[in-house]
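Given next are the chains, with one letter for each unit.
Protein chains: 2
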Amino acid sequence: MEDFLELAKTRQSCRDYLDKPVEREKLERIIEAARLAPSACNSQPWSFVVVETPATVAEVADSTTILGINKYLKSATAFIVVLEETAELIQKLAQLVDSQTHAQGDLGAAVLSLCLEAESLGLGTCIAGVFDRPRLRKLLDIPPEKKIFMVVAVGYPKSERVREKSRKPFAEIVRFV
Amino acid sequence: MEDFLELAKTRQSCRDYLDKPVEREKLERIIEAARLAPSACNSQPWSFVVVETPATVAEVADSTTILGINKYLKSATAFIVVLEETAELIQKLAQLVDSQTHAQGDLGAAVLSLCLEAESLGLGTCIAGVFDRPRLRKLLDIPPEKKIFMVVAVGYPKSERVREKSRKPFAEIVRFV
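Quick note, the sequences are listed as chains A and B, same order. In this text, residue positions in the first sequence follow this note's numbering: the first is 9, and each later residue adds one. In this text, residue positions in the second sequence follow this note's numbering: the first is 9, and each later residue adds one.
Do not take every clue at face value.
Heads up, the list lumps identical chains together, so a pair's fine if it works in one copy or across two of them.
Stated by the list, open to error - Result set (DSS-like, lysine-lysine): computed pairs, CA atoms no more than 25 Å apart in a straight line:
1. Lys-17 / Lys-146
2. Lys-79 / Lys-155
3. Lys-176 / Lys-82
4. Lys-79 / Lys-173
5. Lys-17 / Lys-34
6. Lys-154 / Lys-176
7. Lys-100 / Lys-176
8. Lys-166 / Lys-146
9. Lys-173 / Lys-100
10. Lys-17 / Lys-154
Source of the hints: derived by calculation from the structure; they are not laboratory data.
Produce the entire structure from the sequences given, and follow the hints as far as they go.
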């Protein structure tokens, strides 16, 4: 694999999907990429609910398009609901920090990993951080002690066009010493 | 780019580096990969101090090998110190959550992105979440309002061997509905 930067450039939020289901095998590969992500002390503070049944997909879409946000996720044909699990750190670190200190960063890495694998399989994704938590929790039978971290929409993109990314200029975010 | 899963498998924590400096151009590509990472409302809550001067590299290594943790980072020839910046969210989201709610996850994604680009350039990385913060802050002139998120060691790996990853079994972390 020589061109990771190329993949990083083509991964983008997909907001319009074809009416075409995502194959189970591809969903499994996507989760496998998240499973291999690095985490503090290899604590792997994550688990995933993959939503592929059309009726449930529609309900997750409804739960995610609230307050006028995320409206464009209505056409996604699958969702991955990412849950935060208890992180078990090695003793030396656990003496210094709360066990969940690094969990959010670890989950962020796992989510990016699954989006990149989706992209490399020709799929589009969109990460949503705002949703109707109680509704989603009830719908997917998620126990109260597990926090819902993110909901990732997945599907075949309607357009192949790669948009120019809007980012802060390189020189503004880096300093060499 | 067809084989992201292959890259995800080969990326691993590198704990022993060759005594060979990392080219500036490669360090720039690594930061570029982080710069392209996704973030909540495209808030990009990150900046980077790239440490490449040998004397400073040695001091960062010292600051990172505390409490018997991270001893193996002594041979790294560069470090990337990742800082948390203020996230500017769109108004709709800012009304719902504290501006930094998603920053840790976003930073985790940026860190994975830079590690993956390093891997694709033949470099090794190791992410360290424990370090002597006051010492690092003073050494790198980091203002008190910026939080140091992670320190990433970078260098040419001494060994090409890809270790088998130890992860929770697939079936334990995923549920299809």
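Hint check results:
| no. | hint | result |
| --- | --- | --- |
| 1 | Lys-17 / Lys-146 | neither (37 Å within a copy, 35 Å between copies) |
| 2 | Lys-79 / Lys-155 | within (23 Å within a copy, 34 Å between copies) |
| 3 | Lys-176 / Lys-82 | neither (30 Å within a copy, 32 Å between copies) |
| 4 | Lys-79 / Lys-173 | within (21 Å within a copy, 38 Å between copies) |
| 5 | Lys-17 / Lys-34 | both (21 Å within a copy, 17 Å between copies) |
| 6 | Lys-154 / Lys-176 | between (35 Å within a copy, 17 Å between copies) |
| 7 | Lys-100 / Lys-176 | between (37 Å within a copy, 22 Å between copies) |
| 8 | Lys-166 / Lys-146 | neither (31 Å within a copy, 50 Å between copies) |
| 9 | Lys-173 / Lys-100 | between (41 Å within a copy, 22 Å between copies) |
| 10 | Lys-17 / Lys-154 | neither (33 Å within a copy, 28 Å between copies) |
This entry does not satisfy hints 1, 3, 8 and 10, going by the numbered hints stated previously.
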